[in-house]
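Here the protein sequences come in this chain order: A and B.
So the first sequence is numbered by our numbering: it starts at 169 and just counts up by one.
So the second sequence is numbered by our numbering: it starts at 14 and just counts up by one.
FYI, nobody ran anything at the bench for these hints, they're computed from the structure.
It cannot be assumed that every hint is accurate.
[To be verified] When the alpha-carbon atoms are kept at most 25 angstroms apart in a straight line, the in silico BS3-like pairs for lysine-lysine are as follows:
# : chain 1 : residue 1 : chain 2 : residue 2
1 : A       : Lys177    : A       : Lys206
2 : A       : Lys209    : B       : Lys111
3 : A       : Lys190    : B       : Lys111
4 : B       : Lys14     : B       : Lys111
5 : A       : Lys187    : B       : Lys55
6 : B       : Lys55     : A       : Lys177
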Amino acid sequence: DTEVTQTPKHLVMGMTNKKSLKCEQHMGHRAMYWYKQKAKKPPELMFVYSYEKLSINESVPSRFSPECPNSSLLNLHLHALQPEDSALYLCASSQDRTGLPQHFGDGTRLSIL
Amino acid sequence: KQEVTQIPAALSVPEGENLVLNCSFTDSAIYNLQWFRQDPGKGLTSLLLIQSSQREQTSGRLNASLDKSSGRSTLYIAASQPGDSATYLCAVTGNTGKLIFGQGTTLQVKP
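Build out the structure end to end from the sequences listed, making use of the hints.
Right, dumping it as structure tokens:
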């Protein structure tokens with residue numbers, strides 16, 4: 169069982185819907201990450217939070233909005249997504265931003281109709 | 014800009030073989046290198062992490078080496094088993110904490 173829990177495991181939504189992906193860890197890690205992974209490609213970093221503050225945004229479109237309510241939780245709010253946003257969204261955490269090592273969740277499989 | 018390359022892209026071997034997966038990176042100024050395993054539709058499982066000051070790490074049948082000066086790492090899998098079939102990803106971390114991934118090697122171990 170992974171120590172990083174992501175919900176839901178699968179999500180199908182229309183382009184006009186608003187939904188949120190959730191990630192939770194209880195390892196006391198202070199850095200949390202969102203990655204996007206397309207089929208047969210490596211994960212691509214989207215956002216990094218360090219001590220609940222956004223430290224890296226990899227020029228992600230504003231239809232993706234991250235939120236870190238506390239040190240254990242990370243959300244990704246979705247609005248007006250496009251079909252090309254269909255992918256596996258992975259959350260990860262690490263002790264701090266030097267990233268030693270990063271622990272990944274099993275991801276949310278997102279499909280945009 | 015850091016680039017990570019993994020060779021081969023795919024590998025098929027009979028059960029019991031020892032095998033080596035290769036990873037190279039263009040900028041030697043890394044903090045660490047991490048090998049991951051990914052099963053289809055699943056997240057990444059960390060296998061081994063090598064700090065920049067280390068030369069190798071071992072866990073069970075897995076051994077990873079790091080030659081920072083030449084920008085290379087290898088993952089050695091001894092006595093491969095069908096359960097080892099997965100995609101193996103190598104990733105390096107620099108001073109930003111960002112993981113830079115290679116494209117992965119997809120391994121199939123045939124019974």
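Structure-based check of all given hints:
1. For the hint pairing A:Lys177 with A:Lys206, the CA-to-CA distance comes to about 16 angstroms; that is within 25 angstroms, so the pair holds.
2. The suggested pairing of A:Lys209 with B:Lys111 holds, with an alpha-carbon distance near 17 angstroms, which does not exceed 25 angstroms.
3. A C-alpha spacing of about 21 angstroms is found between A:Lys190 and B:Lys111, which places the hinted pair at or below 25 angstroms, so the restraint holds.
4. Distance restraint check for B:Lys14 and B:Lys111: the Cα-Cα separation of roughly 12 angstroms lies within the 25 angstroms cut-off, and the hinted pair is therefore satisfied.
5. Straight-line distance between C-alpha atoms of A:Lys187 and B:Lys55 comes to about 21 angstroms, which keeps the hinted pair within the 25 angstroms bound.
6. Among the hinted pairs, B:Lys55 with A:Lys177 is consistent with the structure: their alpha-carbon atoms are about 10 angstroms apart, no more than 25 angstroms.
Checked against the numbered hints given earlier, the structure satisfies every one of them.
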